[in-house]
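Chains as they are written, first to last, in our numbering: chain Y, 25 to 327; chain R, 504 to 744.
What the hints contain is simulated information worked out from the structure, not anything from laboratory work. For clarity, every value in this text was computed on a predicted model and none was experimentally measured. Ideal Cβ placement from N, Cα and C applies to all residues, glycine included. A portion of the hints provided could be inaccurate.
[To be verified] Quick partial rundown of chain R residues pointing at chain Y, CB under 10 Å, derived from the structure:
id	residue
1	S505
2	R512
3	R520
4	F579
5	L584
6	V585
7	A590
8	A591
9	P593
10	A601
[Said to hold, decoys possible] List time: in silico DSBU-like cross-link candidates among lysine-lysine, alpha-carbon distance up to 30 Å:
id	chain 1	residue 1	chain 2	residue 2
11	Y	K146	R	K739
12	R	K739	R	K587
13	Y	K89	R	K687
14	R	K742	R	K587
15	Y	K89	R	K587
16	R	K603	R	K739
17	R	K603	Y	K146
18	R	K587	Y	K230
19	R	K603	R	K587
20	Y	K230	R	K739
21	R	K742	R	K603
22	R	K603	Y	K230
[What the hints assert, rightly or not] Covered by chain R, per the in silico footprint, the following chain Y stretches (three or more residues, Cβ under 8 Å):
id	stretch
23	72-82
24	104-110
25	122-132
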Amino acid sequence: MSAVVVENLTIRYGDFVAVDNVSFQAEFGEVTAILGPNGAGKTSTIETCEGYRAPTSGSVQVLQKNPFTQRTSLHSEVGVMLQEGGVYPSARVHETIAQYCALYNRGVDPATLLTAVDLESKASSTWRRLSGGEKQRMLLALALAARPRVAFLDEPTSGVDINGRDAIRHIINDLAANGTAVVLATHELDEAERLAQRVVLFHQGKIVANAPLATMRSAQHELRFSSTPTLNVQELSTHIGLQVVVHQEHFVVRFEDIDSAFSSELVQRVSTWLNDKNLPLNNLSVGAQRLEDIFRHLTGGTQ
Amino acid sequence: MSTLTTQLRAELNVVRRNGEQLLVTLGIPLLLLGFFSVVDVLPTNEEDPVNFLVPGILALAVMSTSMVSLGIATGFERSYLVLKRLAATPLGTSRLIAAKTLSIAVVEAVQMILLISLGFILGWSPEQANWLLALCAVVLGTFAFAGIGLFLAGNLRGEVNLAASNGLYLVLLLIGGIVFPLDKLPGALSAISRCLPTAALSDVLRDALMSAGQHTTSSWIVLLVWAIAAPAVAAKTFKWN
Chain Y
25 MSAVVVENLT IRYGDFVAVD NVSFQAEFGE VTAILGPNGA GKTSTIETCE
75 GYRAPTSGSV QVLQKNPFTQ RTSLHSEVGV MLQEGGVYPS ARVHETIAQY
125 CALYNRGVDP ATLLTAVDLE SKASSTWRRL SGGEKQRMLL ALALAARPRV
175 AFLDEPTSGV DINGRDAIRH IINDLAANGT AVVLATHELD EAERLAQRVV
225 LFHQGKIVAN APLATMRSAQ HELRFSSTPT LNVQELSTHI GLQVVVHQEH
275 FVVRFEDIDS AFSSELVQRV STWLNDKNLP LNNLSVGAQR LEDIFRHLTG
325 GTQ
Chain R
504 MSTLTTQLRA ELNVVRRNGE QLLVTLGIPL LLLGFFSVVD VLPTNEEDPV
554 NFLVPGILAL AVMSTSMVSL GIATGFERSY LVLKRLAATP LGTSRLIAAK
604 TLSIAVVEAV QMILLISLGF ILGWSPEQAN WLLALCAVVL GTFAFAGIGL
654 FLAGNLRGEV NLAASNGLYL VLLLIGGIVF PLDKLPGALS AISRCLPTAA
704 LSDVLRDALM SAGQHTTSSW IVLLVWAIAA PAVAAKTFKW N
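Chain R extracted, bound-state conformation (with noise of 0.2 Å):
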């Protein structure tokens, strides 16, 4: 077995034995998805709210895998001085950030799998998705969430990391147009949440999922600046240990 796959399967084991982690990867978004779809209460502008649900959850899940689940994993693994182990090993910087990627990919691949999967059946109807615009929104909102996610991991104390991460979920969950639409909230903090990476990828999802975006252009550009910025913060204040 090659040293990357020896990680991979490492970070794949600590995602599956995290249980917080997986509730925050797949049982929220899957819960808010069943919820908000069944028990109509969201002022979704949309005849059949699961229609603007799913590009949003969808979202959420990218935030939830690269953001949330990324960063504390990692917060707690610098706290616990695993990066600080492992950094004495072969492996090299490299090929740990690849393997972390990697984890995150199979994670994604598995939520949207399963959220894809409940949308049908609870009805979803794509109209001319692209789904390969989809995936290049998944990738750039995966780079762009990852990069929070670190750098929040590679700043703070593990338990403080913690509470960040989940704090951050919590407001970019109400004011990332996930669920709410963003032209329902009050009109600063509609404006701010457009330059949010939460509501920029839930806006391009929508329109290459629905043909349903309302400000597609600035959104790939908000998508594509944090895609690039967050990482490149990210790597440039990492503390190892």
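Extracted from the complex, chain Y is given alone in its bound form (with noise of 0.2 Å):
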């Protein structure tokens, strides 16, 4: 049984449709990162599966619920961490997570989860005085506070500095460790490459990959180094069999992973173009592309 089911959704606002057509599942014990550019459909996703509103067509399965209609009890089960806001300004750490630890009454300790946010020293500070990080520890401590089987969080690093990110991180993957179902939002490319073993990608409102992360990277490897800048690459091109293309003053040669000889044969052909046309070759690497450039390649543009 999976954790999320999304099944065809639509989600149209007017005319615009923000989502469509989108089909993926979130498994307990995984975090899987919902992708994509801002306006690119991720947060009417998750508000759907967290009961906010109704799909336009298609269905949404949260714990085998449908979040809309059984909001009440499926909330007692479910974190939510909003992209920004849901504090008001003068309320005070302590008594917001207290307040929320007993509303969800899932047997969570009010201390305990401010340690493990790393609040305690703002205990007694109001919301509005908190910086962006711990802003986001605290609306990531009233997602814990459910105790959650499955956990919605959109942009959780968000405006965080490095020290908060990777404190988030790390709760992040206890949570997933723990067996939760942990669906995160972001459009940090590099956060869910840290963070997640399924990536979603999402673009202009439809799905444009789908898999496990591992899977993903490894179905695309590149080949990338620098030269000078007056190398040919289109005759490159022609030799390897390959399109070449320059990308940030790298020559970047992409290709599927068909074998392990395949590289080597690659940089191998490569190199000895080079050495006869007696050009140099620098910073050469051969491995799976990043998220970055999966999605750059998927999307045929820039994030």
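Each chain sits in its own coordinate frame; assemble them with the hints.
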């Protein structure tokens, strides 16, 4: 049984189609990243899963329940972290966390939760006095107060500094390790790459890729190097039989990882061609593509 | 602690922490009652102005808590997405509304105790007061003003709602029969004012506490209509986020 099942979901706002016939699943014990640029349909999708809106068409099941019509019973087991806000500015940290622990009534100790999100020193502070990272950790704490079987986290590391990001990643990894299905919406590809086991890539309201991260990355490899800017890209492309593109002062060859020998052979052919042309070969790297590159490749543009 | 008690406590914390809300709910009613009872400048038609003022100020207190305080707090909760976040907890809409209603009842109880105590100190002498009838009037007034406050809160941005609520509070204070008798207002304005919930509540409270209502039957009807219509319109139009 999957924790979250989205089937043929479409969400319209008037004539505008925000989400167009998407399907995916999220499993217990995994972090599923809903990934895409701003306006791709991530928040609309996640808010439908949270029960805030009804689908225009298609269906959503969370813990085998309809989140829109069975909200009250479902919400005792679902943790929600909004993209922003959710706390009154004059509310104090420890009071708010205690309030949510009591509302969920799932046996979570507010003091322990405060320690888990590293906010003990800010316990008496009001929301308005917290930094961006502290606010995100507090919003995460409110989601954890549910001791959730499913957690929907919308941009959890947005606006957070490096240390704060590490803390949040650690908490999210622990959550998944303890069996929670974590559904993470983010536009930060790097964040998804660090956290997710499964990636659902959104682009203009549609899913352009949906696979385990490892599978997605291993399917797309690249050879990357730098040389002189006068290198004849067309001639090299013809020589190796693959398209060479220029990306941020690097020459990049993208290929499917047919077998391990193919990479070695490709390196050999490129280095030989450069050597024959008396051109330098610097900063050579071969391996799985970064998520950012996969995204660019799949959407044919920039993030 | 039950979810309802938890939320009630959170609601009361918001009221307690917001100084401007305490000023509107307690400070201004106490100040107006004290000042105009001692400084006899109002055309109250009463030998002792406190006898005119206490019922009107009680109506003002109901308006300040259930319309201004509730409306502004709810409007900002909507802007800050507090309501949205609470909607994703097991609290549920009915218990959220129950918690808000109970928090109003608690604040109004404190207001009534303080204002009536001050009234007695200033020489207020209610004649054959029907406290049960006054309580019914307060309950109807609370529904009417809460409906108006939530209508504004559910449809305007936080800052606009703040300005609109305070502006309406001032207008209703001046033309709602609270400090100035309606018969002292110009004819057309007086007629309009009689249709307002403030004037209706002031009038029925004066009748219940002082046997001095002027248009009691029509005032009860006006109050009842507002108490039904305003919450209904608010419920129909309220946008949670």
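Against the structure, the hints:
The restraint placing S505(R) at the interface with chain Y holds, with a minimum CB-CB distance near 8 Å, inside the 10 Å limit. Taking 10 Å as the C-beta contact cut-off toward chain Y, the hint placing R512(R) at the interface holds, the least distance being around 8 Å. For R520(R), the suggested interface contact is upheld, since its CB lies about 4 Å from the closest CB of chain Y, less than 10 Å. Interface hint at F579(R): satisfied, since its Cβ lies 7 Å from the closest Cβ of chain Y, which is below the 10 Å cut-off.
With a cut of 10 Å, the hint placing L584(R) at the interface with chain Y holds, because the nearest CB-to-CB distance is about 4 Å. Interface hint at V585(R): satisfied, since its Cβ lies 5 Å from the closest Cβ of chain Y, which is below the 10 Å cut-off. For A590(R), the interface hint holds, the least distance from its beta-carbon to any beta-carbon of chain Y being 7 Å, beneath 10 Å. Against a cut-off of 10 Å between C-beta atoms, the interface hint on A591(R) holds, since the closest Cβ of chain Y lies about 4 Å away.
Interface hint status for P593(R): upheld, as the beta-carbon distance to the closest one in chain Y is roughly 4 Å, under 10 Å. Annotation: A601(R) was flagged as interfacial toward chain Y, and the flag is violated, the nearest CB pair being 14 Å apart, outside 10 Å. Under the criterion of a C-alpha separation no larger than 30 Å, the hint pairing K146(Y) with K739(R) is inconsistent with the structure, at around 40 Å. About 18 Å separates the Cα atoms of K739(R) and K587(R), which keeps this hinted pair within 30 Å; it holds.
Of the supplied pair hints, the one linking K89(Y) and K687(R) is violated, its CA atoms being roughly 62 Å apart against a limit of 30 Å. For the hint pairing K742(R) with K587(R), the CA-to-CA distance comes to about 10 Å; that is within 30 Å, so the pair holds. Under the criterion of a C-alpha separation no larger than 30 Å, the hint pairing K89(Y) with K587(R) is consistent with the structure, at around 20 Å. Between K603(R) and K739(R) the alpha-carbon distance is near 18 Å, which keeps this suggested pair within the 30 Å criterion.
As the CA atoms of K603(R) and K146(Y) are separated by approximately 28 Å, the hinted pair is consistent with the 30 Å bound. Simply put, K587(R) and K230(Y) have alpha-carbon atoms about 26 Å apart, close enough for the 30 Å limit, and the pair holds. Taking the CA atoms of K603(R) and K587(R), the gap is about 16 Å. The hint holds against a cut of 30 Å. For the proposed pair K230(Y) and K739(R), the alpha carbon gap of about 34 Å is over 30 Å, so the pair is violated.
Pair hint K742(R) plus K603(R) holds up; C-alpha atoms about 17 Å apart against a cutoff of 30 Å. Straight-line distance between C-alpha atoms of K603(R) and K230(Y) comes to about 41 Å, which puts the hinted pair past the 30 Å bound. Given a C-beta distance limit of less than 8 Å, the hint that chain R covers the stretch 72-82 of chain Y holds, as 3 residues qualify and 3 suffice. With a cut-off of 8 Å between beta carbons, the stretch 104-110 of chain Y has 5 residues touching chain R; three or more are needed, and the interface restraint holds.
For the stretch 122-132 of chain Y, the proposed coverage by chain R is satisfied: 6 residues have a C-beta within less than 8 Å of a C-beta in that chain, meeting the threshold of three.
Checked against the numbered hints above, the structure violates hints 10, 11, 13, 20, 22; every other hint is satisfied.
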